Amino acid sequence: MKALILVGGYGTRLRPLTLTVPKPLVEFCNKPILLHQVEALVKAGVRHVILAVSYMSELLEREMRAQEQRLGIKISLSHEKEPLGTAGPLALARELLTDNEEPFFVLNSDVICDFPFEDMLKFHQQHGREGTIVVTKVEEPSKYGVVVYEGDTGRIHRFVEKPQVFVSNKINAGMYIFSPAMLKRIQLRPTSIEKEIFPVMAEEGHLYAMELQGFWMDIGQPKDFLTGMCMYLQSVRQQAPERLRTGPGFLGNVLVDPTAVIGENCTIGPNVTIGAGVVLEDGVRVKRCTVLKGAHIRSHSWLESCIVGWSSSVGQWVRMENVTVLGEDVIVNDELYINGANVLPHKSIADSVPEPRIIM
Amino acid sequence: MLKAVILIGGPQKGTRFRPLSFEVPKPLFPVAGVPMLQHHIEACSKLPNMKEILLIGFYQPNEELNRFLSCAQQDFKISIRYLQEYAALGTGGGIYHFRDQILSGSPEAFFVMNADVCSEFPLPEMLDFQKEHGDAYSFVILGTTANRKQSLNYGCIVENEQTNEVLHYVEKPSTFVSDIINCGIYLFTPEIFQHIGAVFQKNQQDMMLYYDQGEEQSNGWHRAEVIRLEQDIFTALAGQGKLYVYKTDRFWSQIKSAGSAIYASRLYLNQYHKTHPERLATNREGGPKTRGNVYIHPTANIDPTAVLGPNVSIGTGVTIGAGVRVRESIILHGATLQDHSCVLNSIVGWDSTIGKWARVEGTPSDPNPNDPFAKIDSETLFRDGKLTPSITILGCNVNIPSEVIILNSIVLPHKDLNRSFKNQIIL
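Each protein sequence line maps, in turn, to chains A and B. Position 330 (the first sequence) corresponds to 330 in this note's numbering; numbering is contiguous. Position 70 (the second sequence) corresponds to 70 in this note's numbering; numbering is contiguous.
Please keep in mind that the hints were generated in silico from the structure rather than gathered at the bench. Quantities reported herein were computed from a predicted structural model and do not represent experimental measurements. Heads up, some of the hints might be wrong.
[Unchecked claim] Part of the chain B face toward chain A, derived, beta carbon under 8 Å:
(1) Gly323
(2) Arg325
(3) Asp339
(4) His340
(5) Trp357
(6) Arg359
(7) Glu403
(8) Ile405
(9) Leu407
[Unchecked claim] If you want a taste of the chain B side facing chain A, the calculated C-beta under 10 Å gives, among others:
(10) Thr305
(11) Val307
(12) Ala322
(13) Val324
(14) Cys342
(15) Lys356
(16) Ala358
(17) Pro389
(18) Asn408
(19) Ser420
(20) Lys422
[Claimed, not checked] Pairs of lysine-lysine residues, derived as BS3-like cross-links and limited to a Cα-Cα distance of at most 30 Å, are as follows:
(21) A:Lys287 <-> B:Lys415
(22) A:Lys223 <-> A:Lys31
(23) A:Lys347 <-> B:Lys422
(24) A:Lys287 <-> B:Lys422
(25) A:Lys223 <-> B:Lys422
(26) A:Lys287 <-> B:Lys289
Idealized CB from N, CA, C, for every residue including glycine.
Work out the full structure, taking the sequences as your base and the hints as a guide.
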């Protein structure tokens with residue numbers, strides 16, 4: 001089976017992290033975002049993954065080559081040289097997707113959840129039509145594209161994009177499974193799948209909705225990245241609790257890479273991910289944070305709701321909070337207060353940032 | 001023989017020092033580890049002919065003041081008395097009212113100083129200067145140089161550069177007059193009372209006038225006895241060949257707000273290298289790490305992993321936990337700082353507690369270090385409708401929970417906080 005992952009472009013919403021590394025390779029809970037999806041696809045029987053990218057990255061190509069070897073699958077890159085919208089990339093990859101009659105998966109690369117690929121396949125084969133969209137229930141549907149469908153069959157009636165009044169609380173979760181015949185509907189030009197393709201398919205009764213069970217998050221921006229991290233760690237607690245770190249000094253769900261070093265009298269968690277080679281010195285308190293590979297947090301500092309970029313160094317007695325994001329190799333001097341700062345890579349911070357801002 | 005008079009004000013004065021002045025009279029607030037007044041008294045007692053120190057103010061008799069007086073008498077072996085004014089009589093009215101006490105024993109001269117100044121007190125130099133200038137009856141004002149803009153906040157002195165005579169004196173002018181300012185430390189001879197007496201007579205006559213015209217007997221401010229040295233005496237004496245200014249370039253600062261107490265601490269702690277090296281903490285085995293000048297009272301209990309300084313004063317019975325960082329702050333007696341907490345540019349009140357990993361931080365209001373004549377600003381509390389960022393002050397018995405931040409805020413006494421606060425006054 002095949003899968004097309006819509007990777008897209010520069011990942012600007014996840015800057016400054018994506019200034020160093022293409023978004024699919026940013027580690028989410030100690031594993032590149034893309035790999036969470038690819039490994040789940042492989043488990044469901046996918047043997048060929050196509051990445052639809054609008055910006056080529058040598059780093060991504062190199063990493064994908066390595067993963068091909070490791071997972072024993074084929075990974076292709078489909079590069080759109082001009083913007084093709086949300087449906088165009090499918091047309092671009094038409095050749096690769098239609099070499100047999102099997103249905104193929106399409107995923108938005110920012111989605112994290114308990115991937116239901118096997119269930120999707122079953123559901124899709126049962127109704128036998130051209131398309132299945134996974135939907136998920138959210139608290140604030142007006143931020144997304146809402147899906148209206150029949151409860152018992154799943155047949156989709158219509159879509160409403162960012163509705164101003166309540167229509168439904170089920171939104172498009174960014175995961176689809178299509179039969180190859182569906183590709184006839186898309187031409188190779190900038191096309192919106194939500195506005196141009198889906199409504200027609202729904203009209204013709206070819207589009208069905210499958211409700212996702214469990215957590216779901218679009219982790220394309222730092223605030224949601226951290227929220228998604230909390231949800232994912234909770235899911236790990238339920239399914240594979242032995243992966244989490246417990247013991248004195250660890251509260252709630254904490255994921256720690258075996259090569260990380262943690263000092264004395266630290267209190268870590270709840271909801272913390274510590275990457276490879278990270279050093280936490282004595283007396284550090286970290287809550288609701290992702291600390292990426294090689295970062296160094298010096299003693300007595302206090303961090304809440306932050307993302308600390310690769311190889312960054314946070315000084316002693318620093319207080320960082322409110323979705324502060326440090327890019328790669330950022331240095332924060334001792335004794336500073338950093339509130340909601342977005343810090344670009346290779347920057348040294350010598351003064352406190354008492355109110356949220358971007359530091360270039 | 002010599003005497004000294006220290007003007008200590010009263011509860012209605014020094015309101016910019018609240019909430020710290022709720023607990024202790026401002027002149028007794030510890031600066032660099034000892035009460036503000038003690039620095040004045042130490043300087044006075046070094047003069048061989050100093051026979052008596054008189055404190056004049058309108059505080060009611062209170063325990064702290066009495067205790068301070070008896071300790072100071074014992075420590076310095078000199079007569080120290082408190083003369084309480086029956087009302088606020090101004091900087092001139094108080095000494096005039098008690099002139100008999102000041103002149104008893106026939107001192108040749110006597111110093112008069114404001115309690116809320118921080119200075120190197122060049123008293124011997126002022127005495128020598130007085131002998132060399134004017135006649136046996138002339139008076140000396142201690143002056144220092146300020147920058148043009150800030151001079152408007154002080155008493156401004158125009159001097160004859162050859163003779164050092166004061167030609168003109170204006171208190172807090174609205175336009176630039178001179179960059180030499182009044183330090184609030186004077187050397188008078190008994191003749192000063194003739195001049196104050198003349199002003200007193202004139203005030204009385206004026207009052208009679210108003211009374212005759214059927215006006216109400218007015219409130220304290222219009223009493224004949226309220227006389228201000230600066231506006232009423234110096235302004236009139238300027239240019240009469242009686243008043244001289246001795247300029248110093250040694251350290252000097254006013255202590256009006258809590259922020260200036262931290263700045264004054266820094267100046268005095270620095271002076272300790274020369275005058276009281278035993279008061280400065282050193283890095284020793286089993287003790288905390290110190291950077292720069294730090295005063296630690298012997299009864300304080302401090303974890304060896306704490307890092308203190310520069311410019312830190314730790315009061316009696318203070319407890320400081322592991323990995324605590326204190327910088328540019330005053331920690332008053334009985335306070336507790338729990339593990340990993342961080343206190344910067346703040347004053348932590350008596351018996352307060354700061355929880356683990358909490359951060360208590362203020363904004364320093366120090367004078368511009370690049371300008372040698374810059375003085376500490378007396379900032380207004382609010383600017384453009386917002387609280388001006390300044391030193392964080394925790395009143396007595398304030399409890400800060402773990403892991404919060406208290407930034408640029410003032411917390412009134414006996415308050416338990418339950419979350420972070422920034423740029424607020426918490427009642």
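- Under 10 Å, Cβ to Cβ, is where B:Lys356 needs to be relative to chain A, so tell me if that hint holds or is violated. 8 Å, holds
- Minimum Cβ distance from B:Leu407 to chain A below 8 Å? Holds - the Cβ of B:Leu407 comes within 8 Å of chain A, reaching about 7 Å at its closest.
- Message: Given a cut of 8 Å on the nearest C-beta pair, is the interface hint for B:Ile405 held or broken against chain A?
- Response: This hint holds: B:Ile405 lies near chain A, its Cβ roughly 6 Å from the closest one there, short of 8 Å.
- Message: B:Glu403 was flagged as interface toward chain A. Is the shortest Cβ-Cβ separation under 8 Å?
- Response: 6 Å, holds
- Query: Can the hint on B:Pro389 be confirmed by a CB-to-CB distance to chain A that is less than 10 Å?
  - Reply: Hint holds; B:Pro389 Cβ to chain A Cβ min 9 Å, cut 10 Å.
- Task: Could you grab the alpha-carbon distance between A:Lys223 and B:Lys422 and see if it respects the 30 Å cut-off?
- Result: Within the cut-off at roughly 23 Å; holds.
- Query: Should the interface hint for B:Lys422 be scored as holding, given a Cβ-Cβ cut-off of 10 Å against chain A?
  - Reply: 7 Å, holds
- Supplied contact hint for B:Arg325, tested at 8 Å Cβ to chain A: OK, holds: B:Arg325 within 8 Å of chain A, min 4 Å.
- Return the status of the interface hint for B:His340: holds when the least beta-carbon distance to chain A is below 8 Å, violated otherwise. 4 Å, holds
- Close enough to count: is the Cβ of B:Cys342 nearer than 10 Å to one in chain A? 4 Å, holds
- Item | Pair hint outcome, A:Lys347 versus B:Lys422 [Cα-Cα no greater than 30 Å] | 26 Å, holds
- Item | Hint check, B:Asp339 versus chain A [nearest Cβ-Cβ separation less than 8 Å] | 7 Å, holds
Figure legend: structure checked against the earlier numbered hints; every hint is met.
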